[in-house]
Amino acid sequence: MTSAGEMIRQMKGALIIEKLHQIQQLLLKKKTCLGQTNEEKLDVTKRKELRQEKSIHHQTAKYFQEYIERNTRYTQNKEILDD
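Residues in the sequence shown are numbered from 167 upward in steps of one, following the numbering used here.
Some hints could be false.
As the list claims (entries may be wrong) - Below, a list of computed lysine to any residue pairs in the SDA-like style, where the Cα atoms sit at most 25 Å apart:
#1 220 / 235
#2 244 / 225
#3 228 / 217
#4 220 / 231
Stated by the list, open to error - Taking CB as the label site, the calculated pair distances span:
#5 217 / 190: 48 to 58 Å
#6 209 / 244: 48 to 58 Å
#7 228 / 185: 37 to 47 Å
#8 212 / 181: 35 to 45 Å
#9 224 / 247: 48 to 58 Å
#10 210 / 244: 44 to 54 Å
#11 222 / 175: 51 to 61 Å
#12 173 / 216: 31 to 41 Å
#13 185 / 227: 52 to 62 Å
#14 179 / 223: 50 to 60 Å
#15 223 / 193: 51 to 61 Å
#16 179 / 212: 24 to 34 Å
#17 184 / 229: 50 to 60 Å
#18 229 / 189: 50 to 60 Å
Note that these hints are calculated values from the structure, not bench results. Here the structure is a predicted model, which is why all the values come from computation and not from measurement. Cβ coordinates follow ideal geometry from the N, Cα and C atoms, glycine included.
Starting from the given sequences, assemble the full structure and let the hints guide the process.
Here it is as structure tokens:
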């Protein structure tokens, strides 16, 4: 059997753990300096990645468009020279 003092220490320990958990939850929800929660910050990161991916797709499409235009001009010039 545990003594009364031991029981009190265990109860205090449980209360401290509960308070630490509450503080941890508050810190997770705390607003950052940008005024965004950590979850919103993840959304911002995801949007940034999507923007970069979209930019890469745009650059690739632009490159292929220029390639097609150069190829078309080359073909037209070649036809003119062959005539």
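Quiz prompt | Violated hints - listed by number, lowest first | solution = 2, 5, 7, 9, 12, 15 and 16
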